[in-house]
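Assemble the whole structure, with the sequences as input and the hints as a guide.
2 protein chains.
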Amino acid sequence: MDWNGLYASRMSRVVASDIRERMKLLAQKKLIHLGGGLPDPAIFPYQAFADASAAILGDQQRARTALQYAASEGHGPLREWIVGYMASIGVPCALENILIVNGSQQGLDFVGKLLIGAGDTVMVEMPSFIGALRAFDAYEPTYVAVPKAGDPRPAHGAKFAYVGPDFRNPTGTTMTRAERIELLEMAEALDMSIVEDGCYEKLRYDGDPIPSVLALDIERSGDIDRSRVLYTGTLSKTIAPSLRVGWMCGPAPVIRKLTLIKQASDLATSALNQMIALDVVSEHLDAAVATACQVYRERRDSMLDALSASMPEGVTWTRPEGGLYIWVTLPPHIDGAELATHALTDHGVSTISGSAFYPVDPQRNTLRLSFSMIPAEDAREGIRRLALAIEKTPARV
Amino acid sequence: MDWNGLYASRMSRVVASDIRERMKLLAQKKLIHLGGGLPDPAIFPYQAFADASAAILGDQQRARTALQYAASEGHGPLREWIVGYMASIGVPCALENILIVNGSQQGLDFVGKLLIGAGDTVMVEMPSFIGALRAFDAYEPTYVAVPKAGDPRPAHGAKFAYVGPDFRNPTGTTMTRAERIELLEMAEALDMSIVEDGCYEKLRYDGDPIPSVLALDIERSGDIDRSRVLYTGTLSKTIAPSLRVGWMCGPAPVIRKLTLIKQASDLATSALNQMIALDVVSEHLDAAVATACQVYRERRDSMLDALSASMPEGVTWTRPEGGLYIWVTLPPHIDGAELATHALTDHGVSTISGSAFYPVDPQRNTLRLSFSMIPAEDAREGIRRLALAIEKTPARV
Numbered sequence: 001m002d003w004n005g006l007y008a009s010r011m012s013r014v015v016a017s018d019i020r021e022r023m024k025l026l027a028q029k030k031l032i033h034l035g036g037g038l039p040d041p042a043i044f045p046y047q048a049f050a051d052a053s054a055a056i057l058g059d060q061q062r063a064r065t066a067l068q069y070a071a072s073e074g075h076g077p078l079r080e081w082i083v084g085y086m087a088s089i090g091v092p093c094a095l096e097n098i099l100i101v102n103g104s105q106q107g108l109d110f111v112g113k114l115l116i117g118a119g120d121t122v123m124v125e126m127p128s129f130i131g132a133l134r135a136f137d138a139y140e141p142t143y144v145a146v147p148k149a150g151d152p153r154p155a156h157g158a159k160f161a162y163v164g165p166d167f168r169n170p171t172g173t174t175m176t177r178a179e180r181i182e183l184l185e186m187a188e189a190l191d192m193s194i195v196e197d198g199c200y201e202k203l204r205y206d207g208d209p210i211p212s213v214l215a216l217d218i219e220r221s222g223d224i225d226r227s228r229v230l231y232t233g234t235l236s237k238t239i240a241p242s243l244r245v246g247w248m249c250g251p252a253p254v255i256r257k258l259t260l261i262k263q264a265s266d267l268a269t270s271a272l273n274q275m276i277a278l279d280v281v282s283e284h285l286d287a288a289v290a291t292a293c294q295v296y297r298e299r300r301d302s303m304l305d306a307l308s309a310s311m312p313e314g315v316t317w318t319r320p321e322g323g324l325y326i327w328v329t330l331p332p333h334i335d336g337a338e339l340a341t342h343a344l345t346d347h348g349v350s351t352i353s354g355s356a357f358y359p360v361d362p363q364r365n366t367l368r369l370s371f372s373m374i375p376a377e378d379a380r381e382g383i384r385r386l387a388l389a390i391e392k393t394p395a396r397v
Numbered sequence: 001m002d003w004n005g006l007y008a009s010r011m012s013r014v015v016a017s018d019i020r021e022r023m024k025l026l027a028q029k030k031l032i033h034l035g036g037g038l039p040d041p042a043i044f045p046y047q048a049f050a051d052a053s054a055a056i057l058g059d060q061q062r063a064r065t066a067l068q069y070a071a072s073e074g075h076g077p078l079r080e081w082i083v084g085y086m087a088s089i090g091v092p093c094a095l096e097n098i099l100i101v102n103g104s105q106q107g108l109d110f111v112g113k114l115l116i117g118a119g120d121t122v123m124v125e126m127p128s129f130i131g132a133l134r135a136f137d138a139y140e141p142t143y144v145a146v147p148k149a150g151d152p153r154p155a156h157g158a159k160f161a162y163v164g165p166d167f168r169n170p171t172g173t174t175m176t177r178a179e180r181i182e183l184l185e186m187a188e189a190l191d192m193s194i195v196e197d198g199c200y201e202k203l204r205y206d207g208d209p210i211p212s213v214l215a216l217d218i219e220r221s222g223d224i225d226r227s228r229v230l231y232t233g234t235l236s237k238t239i240a241p242s243l244r245v246g247w248m249c250g251p252a253p254v255i256r257k258l259t260l261i262k263q264a265s266d267l268a269t270s271a272l273n274q275m276i277a278l279d280v281v282s283e284h285l286d287a288a289v290a291t292a293c294q295v296y297r298e299r300r301d302s303m304l305d306a307l308s309a310s311m312p313e314g315v316t317w318t319r320p321e322g323g324l325y326i327w328v329t330l331p332p333h334i335d336g337a338e339l340a341t342h343a344l345t346d347h348g349v350s351t352i353s354g355s356a357f358y359p360v361d362p363q364r365n366t367l368r369l370s371f372s373m374i375p376a377e378d379a380r381e382g383i384r385r386l387a388l389a390i391e392k393t394p395a396r397v
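First to last, the sequence lines map onto chains A and B. Taking full-length UniProt numbering, I'd label the letters of the first sequence as residues 1 to 397. Taking full-length UniProt numbering, I'd label the letters of the second sequence as residues 1 to 397.
It should be emphasised that the hints constitute simulated quantities derived from the structure, not laboratory data. Ideal Cβ positions, reconstructed from N, Cα and C, are used throughout, including at glycine. Hints may be right or wrong, so weigh each one.
To be verified - Computed footprint of chain B on chain A; a stretch qualifies when at least three of its residues, placed anywhere within it, have a C-beta under 8 Å from a C-beta of chain B:
1. 44 to 58
2. 68 to 77
3. 106 to 115
4. 246 to 256
5. 259 to 272
Printed below as a string of structure tokens:
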């Protein structure tokens, strides 16, 4: 039986992620892993999880709710809590503006299903979050770049622009308030929508929070139901990834369409997970965010110090105000993918080549580093090894 | 902002499920609900869930695994257990033949993503499981009927035939061994694949198990990696739906493609849920299946007795050997949708019109009943009310 002849055309776009493949090497010893990007499991609120699940499964009525099918739109009390959370970050909304999904990755898949027909134009930042590109790829879009600050406004719009305004993956950079307003004005002029990935919003280590693009749009239009922004949020970065609990927030008619997509895609997110999530965030979100910010701020600082101490002339990097990533630009003659291979095999340090984060026209002399799991001494040693690998890279002919 | 102009063409096919809409009425009192189809939460293994989650979250090492991202293919030890389970039902396979998904509904969505291009032909039983039709609809197929026993073999194939061989939703009927072999021979002749929904396989109340289509194909070809069958299984019907743990089993190269789809769709199923599932099934699956079969067998018998006692001349129904559903065929002049409305509003009994289960050319004089949640006295009273509603339906002009 030759299945290859049966695959839908979209499957030519569905390929393995360099990162996930490379992460299989994580089991190897003595390597220093600067590529990963997972939240540090040492800071997950374990006792809160144990208490929540014991309380839910130990109560007959709650246990019945936890194990039966949940509503496709999500567990009502968790959606209520998210309404309050969104209000606290400048997004007044109601229950009908919230859909629960299995982490924001599922939200990105649903965006593709909702909006992308084969060949439709989608604007993404270059580079962009690889998980979003993989989710959208299955719907066969054509990608164009979100204009950078100072670029002229494009003549043609797109179905939507996908942006990560705060400390985004992979660059760690943040859009200014003025850039967010300009994005909204461009979207209005070109009559397109905006998909905002809010997954790192709470992981800010310096500076003042900037309102989300959705919050700024509501300031302008006065009503989320008139907004052109669809927002995805998650508990994966602040509480724990394997809850697989995230949400989408946007105009009620769009959320209703997305709820139908949710129903057809996997019926509903686990009620048990949603109830555990609610118990944990109700009591522990602020403390979990404070712990994460303290731990990750120190690690960011250690890695930035190590970069300053070791990197040779001609290498530059971003200084993120939050999130988990630093983006390194190498001298133009160095290919990040070749360097990553050479650094891994000859110098025992893993990184991620930047090319994978571009859907088209990769800027090859780039790398993504993550500091989330790296103690100070590993950062020093890992960056020292990386610097050595860079210095030993011959100029290309 | 007018989002309607932005939706992908597939969204015209993504519509609300009559059943899920109707289930909103479940909160109303005094109604008798013969339509639902949910597993009965009274028989879920609550203590096993409480013990499993306490053991996992109380062990530092297991808790770290449970809360961090799982591998996209699923939690290794659970996949190992499923390999053993599949072997026990006549499907020898290996780890690389198993992908964990969020219940078999997600498996059906992935089938659509993997195989259906817009306009591709898909064969389904008429009537068919509405959740499968909704999942496939998003990929814009053209539906044709799987030939019934005795029908001539069609001249043209399809990407795949989707079948539920055992006590399928909505009819409760079971394919004979000969019908399964004929299906495989047709698929071979037309060079198409088969998607087999095994979700009710363990809920057999009478008669001997018949090997799955996948098992029969492996008997013929000798090797799952040469099979044309992709199988979906789930713990939703035997353990509890809100685990959201199901699996796909098929040729390794197809499972690898589906793993990429899983990664792009929601990264991975919750590790916590997978670990709880493994603990529960390892110790309690046989007992849970035995309890479910005992409870549902009695309810099926009560409802069949009630139908015999109350239904007027000209009404026929299936006698399922397992599963949760009975399919009722009304006299030709009665429209099931009109009857369902009239029975609900005037007689206080809810059922599901059969029309929704046909992607094309609905046979309108049909209803689906479920006995899974209905004690004997409610079955008697509910069927009595339904019979009254049928008797009061005027002949159509």
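Practice task
Check each numbered hint against the structure and report the violated ones by number, ascending.
Solution key: none
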